[in-house]
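Using the sequences and the hints given, assemble the complete structure.
Sequences listed follow chains A and B, in order. Take the first sequence: its letter number 196 is residue 196 in my numbering, and every next letter is one higher. Numbers given in my numbering equal positions in the second sequence, counted from 1, plus 1000.
Accuracy of the hints is not assured; some may be wrong.
Cross-link-like lysine-lysine pairs, in silico, DSS-like; alpha carbons within 25 Å at most [as the list claims (entries may be wrong)]: (1) A/Lys103 with B/Lys1205; (2) A/Lys125 with A/Lys103; (3) A/Lys205 with B/Lys1114.
One-sided excerpt, in silico: chain B residues whose CB lies under 10 Å from chain A [claimed, not checked]: (4) Leu1085; (5) Cys1087; (6) His1094; (7) Thr1097; (8) Gly1104; (9) Phe1105; (10) Ile1118; (11) Lys1172; (12) Ile1174; (13) Trp1175; (14) Ala1189; (15) Val1191; (16) Val1193; (17) Leu1195; (18) Glu1208; (19) Lys1210.
No lab work stands behind these hints: they were computed from the structure. The structure presented is a predicted model; accordingly, all values stated were derived computationally and were not measured. We put the CB at the ideal spot given by N, CA and C, even for glycine.
2 protein chains.
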Amino acid sequence: MNRSKKVSDAVIKRLPRYYRHLSALMESGVERISSKELAARMNITASQVRQDLNNFGGFGHQGYGYNVNILYREIGAILGLGGELPCIMAGAGHLGTAIINYKGFASRGFVIKKIFDIDENIIGKEINGIEIMHIKDMQNYIRDNSVEIAMLCVPHSAANEIVKCAVEAGIKGIWNFSYHDISVPDGVAVVNVHLSDSLMTLSYKINEIKNKGL
Amino acid sequence: MNRSKKVSDAVIKRLPRYYRHLSALMESGVERISSKELAARMNITASQVRQDLNNFGGFGHQGYGYNVNILYREIGAILGLGGELPCIMAGAGHLGTAIINYKGFASRGFVIKKIFDIDENIIGKEINGIEIMHIKDMQNYIRDNSVEIAMLCVPHSAANEIVKCAVEAGIKGIWNFSYHDISVPDGVAVVNVHLSDSLMTLSYKINEIKNKGL
Chain A
1 MNRSKKVSDA
11 VIKRLPRYYR
21 HLSALMESGV
31 ERISSKELAA
41 RMNITASQVR
51 QDLNNFGGFG
61 HQGYGYNVNI
71 LYREIGAILG
81 LGGELPCIMA
91 GAGHLGTAII
101 NYKGFASRGF
111 VIKKIFDIDE
121 NIIGKEINGI
131 EIMHIKDMQN
141 YIRDNSVEIA
151 MLCVPHSAAN
161 EIVKCAVEAG
171 IKGIWNFSYH
181 DISVPDGVAV
191 VNVHLSDSLM
201 TLSYKINEIK
211 NKGL
Chain B
1001 MNRSKKVSDA
1011 VIKRLPRYYR
1021 HLSALMESGV
1031 ERISSKELAA
1041 RMNITASQVR
1051 QDLNNFGGFG
1061 HQGYGYNVNI
1071 LYREIGAILG
1081 LGGELPCIMA
1091 GAGHLGTAII
1101 NYKGFASRGF
1111 VIKKIFDIDE
1121 NIIGKEINGI
1131 EIMHIKDMQN
1141 YIRDNSVEIA
1151 MLCVPHSAAN
1161 EIVKCAVEAG
1171 IKGIWNFSYH
1181 DISVPDGVAV
1191 VNVHLSDSLM
1201 TLSYKINEIK
1211 NKGL
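So, in structure tokens, the structure goes:
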């Protein structure tokens, strides 16, 4: 598998979609699939599928298509999945709680080990069976337990200080919901989630349909 | 403004980011900005900025850059913002509640008018000052109040039926958090939000850094 060339962000963003669709295909007992069929499911072109997967060395065979199980495992490996990725959640508000209660993450290996918050009234309690600890204990916990990912569902005013603590403790990646983009040193990965961007994309699409007079 | 050519999804997805950054620039009192400065803020290239904005007819002037206020308003108009977009929330669980309580949407015009749920224990109560009604009353409410957007934070098992009701009532767009992609007739816009995709993108980036030995 040739991984030396730079893969574009657009391709990287599509990889989880491939992974989701392949997972659903496996659950339906499908063993192989053509680029055309996979493209139709994903609402992209067959040529796009072939181009995307060629970034990682192909995987397909002319006249056969893709072996669903192998492709699923290979894309999983590219995505860094397959083992357990220990996570912590900073912030046990509504959004943090929604994510903690979401069932789909642990099965992908994203296991939330502890929750950290500043609210004394909830310290020691549990959400979805996971203990809430005081935020002041987060840094040691990350260091002592080789936590890879910090999920950040705190107000923006608290985000920078928490990121600094987590980075000093050796965190590998930050999943940031705190609205403003955060900056981290090289060697730490960040994905900023902006729910309002996705809502604005929807209003763009609605507006586009109105302009077309559909 | 030439809006006749097809704008790529990648550009459309960047428009809300431009809008956010321009909003922040306005708040800081910045009146004009070069493509280079705007690009640096957004971590893209100046040439990308110029290309993106050329899709909509440019807006910039050689040697002057962009007028922040005008560009903000123009991109807002392209995004269908500027007026009120009446929304309803289907599902008052943790995620729905987190979104209802989020302060940033109403200022963009996305005003949640009512919340709909199936749980009899919460019907009639309020979240963030917004009344919770029974899901069976959703269809009439959408029709009678020209609701544009239905936000969907319900379990997947309930999603299809709710989408069907909302579409029959004339909904314009669906913001879908119910994990599985939903399908709607032409003339209705959908944005599917997959939080797990964003988390897998993070694990990809972590894995990439590990592979580089940073």
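Evaluated hints:
| no. | hint | verdict |
| --- | --- | --- |
| 1 | A/Lys103 with B/Lys1205 | 23 Å, holds |
| 2 | A/Lys125 with A/Lys103 | 20 Å, holds |
| 3 | A/Lys205 with B/Lys1114 | 23 Å, holds |
| 4 | Leu1085 | 6 Å, holds |
| 5 | Cys1087 | 9 Å, holds |
| 6 | His1094 | 4 Å, holds |
| 7 | Thr1097 | 5 Å, holds |
| 8 | Gly1104 | 5 Å, holds |
| 9 | Phe1105 | 6 Å, holds |
| 10 | Ile1118 | 18 Å, violated |
| 11 | Lys1172 | 5 Å, holds |
| 12 | Ile1174 | 8 Å, holds |
| 13 | Trp1175 | 5 Å, holds |
| 14 | Ala1189 | 4 Å, holds |
| 15 | Val1191 | 4 Å, holds |
| 16 | Val1193 | 5 Å, holds |
| 17 | Leu1195 | 7 Å, holds |
| 18 | Glu1208 | 8 Å, holds |
| 19 | Lys1210 | 8 Å, holds |
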